Amino acid sequence: MEGRRSIVIAVFSTSAGSGKTVTAINLAAGLAKEGYQTCLVDLDLQFGDVMGYLDMVGDVTLADAQAALMRDEASFRIEDYLAEYSCGGVSFSVLPPPKEINDAYLVDVDAVAEIISRMGGFNFIVLDMTAVFSTLNLAMLDMSTVINFMGRSDFLPSVKNYKVGYDTLLRFEYEERKICLVENRAEENDLINYRDVERLLGAKFYHRLPVDSQAVTRSIRMGRPLMFSAPLSPLTQSYWQLVGRYTNRSIAPRQVQEQEVPAEEEKHSGFSWFFKRGKNHAEGQVKG
Amino acid sequence: MKYRAILVERDSVMLPHLAGALKADADFDLAATYHDAEQALGQSSVFRPNLFLIDVDSPKGLKLLPDFIDFFPNADFLGMMEHWKADTAEKVIQAGALGSIVKPFRTRDILKAMEIYGRRGQKKPTRTMAFFSPKGHSGRTTLASVMALELARKSGESVALIDADLQFGDVSMFFDVVPQHNVVEASHDIRLLNPATLEAYFHPVGQGVWVMGGPVRPEHAELVEADRLIEVVRMAGSLFRYVLVDLPAGFNPISLALAEFADTDILVSMINSGQEVRHMKRSMKMFQMWDAYGKKIYPLFSGVKRCTPEQKKKIEEEFGRSVTKILPEESHITAITGSGRLLKDLPEDMPYVRAVDDMVGEIIAGRR
Ligand SMILES: Nc1ncnc2c1ncn2[C@@H]1O[C@H](COP(=O)(O)OP(=O)(O)OP(=O)(O)O)[C@@H](O)[C@H]1O
Ligand SMILES: [Mg+2]
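Taken in order, these protein sequences are the chains called A and B.
Following numbering that gives the first Met the number 0, the numbering of the first sequence begins with 0 at its first residue and continues without gaps.
Following numbering that gives the first Met the number 0, the numbering of the second sequence begins with 0 at its first residue and continues without gaps.
Incorrect hints may appear among the rest.
[What the hints assert, rightly or not] In silico DSS-like cross-links for lysine-lysine, where the CA-CA straight-line distance does not exceed 30 Å:
{"hint": "1", "chain 1": "B", "residue 1": "K311", "chain 2": "A", "residue 2": "K98"}
{"hint": "2", "chain 1": "B", "residue 1": "K312", "chain 2": "A", "residue 2": "K98"}
{"hint": "3", "chain 1": "B", "residue 1": "K280", "chain 2": "A", "residue 2": "K98"}
{"hint": "4", "chain 1": "B", "residue 1": "K22", "chain 2": "B", "residue 2": "K1"}
{"hint": "5", "chain 1": "B", "residue 1": "K294", "chain 2": "A", "residue 2": "K98"}
{"hint": "6", "chain 1": "B", "residue 1": "K343", "chain 2": "A", "residue 2": "K159"}
{"hint": "7", "chain 1": "A", "residue 1": "K98", "chain 2": "B", "residue 2": "K284"}
{"hint": "8", "chain 1": "B", "residue 1": "K324", "chain 2": "A", "residue 2": "K98"}
{"hint": "9", "chain 1": "A", "residue 1": "K159", "chain 2": "B", "residue 2": "K304"}
{"hint": "10", "chain 1": "B", "residue 1": "K343", "chain 2": "A", "residue 2": "K162"}
[To be verified] Chain B side only, calculated, beta carbon under 7 Å to chain A, not exhaustive:
{"hint": "11", "residue": "K134"}
{"hint": "12", "residue": "G135"}
{"hint": "13", "residue": "H136"}
{"hint": "14", "residue": "Q166"}
{"hint": "15", "residue": "F167"}
{"hint": "16", "residue": "M172"}
{"hint": "17", "residue": "G249"}
{"hint": "18", "residue": "S272"}
{"hint": "19", "residue": "Q274"}
{"hint": "20", "residue": "R281"}
{"hint": "21", "residue": "G337"}
[Said to hold, decoys possible] Sample of chain B residues facing chain A (criterion: CB under 8 Å; computed from the structure):
{"hint": "22", "residue": "P133"}
{"hint": "23", "residue": "D169"}
{"hint": "24", "residue": "R216"}
{"hint": "25", "residue": "P217"}
{"hint": "26", "residue": "E218"}
{"hint": "27", "residue": "A248"}
{"hint": "28", "residue": "F250"}
{"hint": "29", "residue": "G273"}
{"hint": "30", "residue": "R277"}
{"hint": "31", "residue": "H278"}
{"hint": "32", "residue": "M285"}
{"hint": "33", "residue": "T333"}
{"hint": "34", "residue": "S338"}
Think of the hints as simulated: they come from the structure by calculation, not from any bench.
Predicted model only: the values in this text are computed from it and were never measured.
Note that beta-carbon positions come from the ideal geometry of N, C-alpha and C, so glycine has one too.
Build the full structure now, drawing on both the sequences and the hints.
So this is what it looks like as structure tokens:
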């Protein structure tokens with residue numbers, strides 16, 4: 000299949016707010032900066048944050064792509080449904096989630112799988128997901144080359160969910176080496192030491208991302224990846240390392256010219272979206 | 000205490016059967032039996048009864064129940080039904096009775112029912128409140144847990160908190176309990192249960208709060224059907240005056256069905272990246288449809304840095320409608336929930352708790 004040429008990185012977690020979207024964005028930006036053709040797919044269909052965090056507005060979405068694919072498979076071109084993010088000479092594609100919650104509810108898992116398999120032109124496909132074992136997420140995990148499985152050690156219930164999630168992935172027979180355990184918000188004086196978390200999981204962290212709230216807040220406020228909004232942050236450096244790991248290159252810590260930042264604008268949103276109850280394919284629960 | 004009981008049962012086979020059980024027990028003094036509810040209503044006063052067992056499958060019995068309760072304000076009332084019917088059970092409570100039991104029964108079933116229904120609280124309809132959040136990590140479970148504790152403390156009535164965040168629910172962890180049973184089992188068994196047997200599926204955490212925990216494995220979530228879970232919630236209404244349901248994040252078959260069923264939906268989002276107000280705004284579209292026909296919808300924002308009226312106004316401007324409450328960011332509350340010390344260490348004077356308390360006061364007073 001065409002799509003198999005691309006490397007698919009599934010950014011997944013089993014506790015919400017563990018930094019999936021921030022990571023997916025900075026992975027995509029880092030990979031693009033390294034010269035790879037990269038596409039970031041927002042699979043948080045109902046409440047996706049990618050467009051908001053990057054301050055983008057797009058007119059076409061996954062819902063349009065799905066409709067087009069179902070209309071005429073032969074003439075479907077994924078390029079027609081992608082938005083382009085560009086900043087400081089770095090650019091990558093983004094597939095935005097449906098605008099309306101009702102459309103999110105109608106997304107079909109097979110259609111998404113087909114759409115992603117049509118992305119063979121990209122070197123890397125980064126999937127930003129939700130913190131649940133849904134039918135959609137499982138199908139995406141199946142398709143992915145690696146699972147960037149994120150967790151945080153600063154809240155005990157999150158550690159519990161990390162453990163439960165990891166055990167479940169193994170029980171679902173995802174190969175151990177496909178699962179890259181990534182700790183986010185790592186702090187030396189964390190409530191729970193990362194080594195204890197490793198012992199609990201019975202596996203080592205693939206990577207540990209430090210906490211830097213200021214950098215992340217600034218990045219979101221500016222709508223730019225960390226390399227442009229907080230180039231010197233240890234978190235930014237840590238993302239370079241993570242990109243290096245996924246590309247099998249060692250990337251020297253670097254400094255990207257900080258872009259001229261226009262006076263902060265209020266990001267506004269004009270939504271008059273209406274939601275009707277519909278049959279949900281993508282959000283269906285796990286087959287046990 | 001000895002019960003002077005009146006038995007009203009329209010079925011001529013069932014009546015002697017039930018009467019026999021009551022006569023055989025020294026705790027009960029069967030004062031009179033009736034086939035006809037109207038006759039019972041007219042004649043019972045001469046027996047000075049303190050307990051009525053009334054067949055509520057009969058439309059007449061159900062209809063006259065409020066009159067019975069009016070005439071005999073000091074007696075206890077139990078509705079009797081052949082199979083558990085949620086609708087009827089709710090009407091029985093609404094009328095001011097203790098609750099209902101399923102026929103046939105033994106006298107100790109009556110005593111057990113009186114005990115658990117007595118503990119429930121006022122003989123008033125159950126408040127069912129669903130806690131919804133667009134995304135996870137929103138302070139939803141924290142709010143539901145603190146509200147459960149404060150409702151129980153302030154009202155003196157009993158409160159249940161059901162963890163319907165079926166894959167990764169944290170309710171048991173917040174209270175540091177390991178319940179014997181969980182919501183998957185309760186939903187599976189519900190059609191074989193009655194309130195007395197359902198009670199065992201709740202774990203008493205103390206201070207008037209009971210919790211029903213989530214499943215051990217996330218894939219078990221799939222075994223729960225929304226309509227069965229609603230049956231659990233409805234039956235729980237016979238045991239608890241307040242039934243709180245912690246929903247999974249976002250819209251899915253479970254959250255939709257339960258939010259639609261509940262009389263009160265509390266929407267909560269934690270202010271963090273700045274996207275949350277937009278997410279809540281989108282969620283409101285769904286809830287507004289229900290708002291139109293009498294459901295109570297309360298949007299709240301948690302994790303607010305400067306909890307001032309001006310800040311509230313600012314959020315409301317972006318949100319485009321009024322916000323019920325803003326809850327302050329409080330690292331202390333995270334520490335307490337994260338380590339399961341909710342029951343032991345919740346300080347009443349903390350701004351977060353005071354804000355929740357305000358709302359709880361309004362709920363109890365019937366103003367919300
Ligand atoms: N390394 C970090 N240091 C400090 N703050 C962080 C870090 N990573 C993420 N955050 C903060 O955590 C919040 C959640 O991050 P993010 O939105 O990426 O999580 P998520 O896993 O995508 O959440 P959701 O499951 O709700 O989609 C963000 O608002 C961000 O401010
Ligand atoms: Mg996200």
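Taking the hints in turn, this is what the structure says about them:
1. B:K311 - A:K98: Since the Cα atoms of B:K311 and A:K98 sit roughly 27 Å apart, the hinted pair holds (cutoff 30 Å).
2. B:K312 - A:K98: holds, 27 Å
3. B:K280 - A:K98: Given pair B:K280, A:K98 holds - Cα atoms ~13 Å apart, limit 30 Å.
4. B:K22 - B:K1: At roughly 12 Å apart (the allowed maximum being 30 Å), B:K1 and B:K22 satisfy the hint.
5. B:K294 - A:K98: holds, 27 Å
6. B:K343 - A:K159: holds, 21 Å
7. A:K98 - B:K284: holds, 13 Å
8. B:K324 - A:K98: holds, 28 Å
9. A:K159 - B:K304: holds, 27 Å
10. B:K343 - A:K162: Holds, at about 26 Å.
11. K134: holds, 5 Å
12. G135: Since the shortest Cβ distance to chain A is 2 Å, the answer is holds.
13. H136: With a minimum Cβ separation of about 3 Å from chain A (threshold 7 Å), the hint on B:H136 holds.
14. Q166: This interface hint holds because 6 Å falls under the 7 Å limit.
15. F167: holds, 5 Å
16. M172: holds, 5 Å
17. G249: holds, 5 Å
18. S272: holds, 5 Å
19. Q274: Hint on B:Q274: holds, closest Cβ of chain A at ~4 Å, below 7 Å.
20. R281: Holds: closest Cβ of chain A sits about 6 Å from B:R281, inside 7 Å.
21. G337: holds, 5 Å
22. P133: holds, 5 Å
23. D169: It holds, given that the least Cβ distance between B:D169 and chain A is near 4 Å, below 8 Å.
24. R216: Because about 7 Å separates B:R216 from the closest Cβ in chain A, which is inside the 8 Å limit, the hint holds.
25. P217: holds, 5 Å
26. E218: Holds: closest Cβ of chain A sits about 4 Å from B:E218, inside 8 Å.
27. A248: Constraint on B:A248 satisfied, holds at 6 Å.
28. F250: Holds: closest Cβ of chain A sits about 6 Å from B:F250, inside 8 Å.
29. G273: With a closest approach of 7 Å, the B:G273 hint holds.
30. R277: holds, 5 Å
31. H278: holds, 5 Å
32. M285: With a minimum Cβ separation of about 5 Å from chain A (threshold 8 Å), the hint on B:M285 holds.
33. T333: The hint holds - B:T333 has a Cβ within 8 Å of chain A, the shortest such distance being about 7 Å.
34. S338: At about 6 Å, which falls below the 8 Å cut-off, the nearest Cβ of chain A leaves the hint on B:S338 intact, so it holds.
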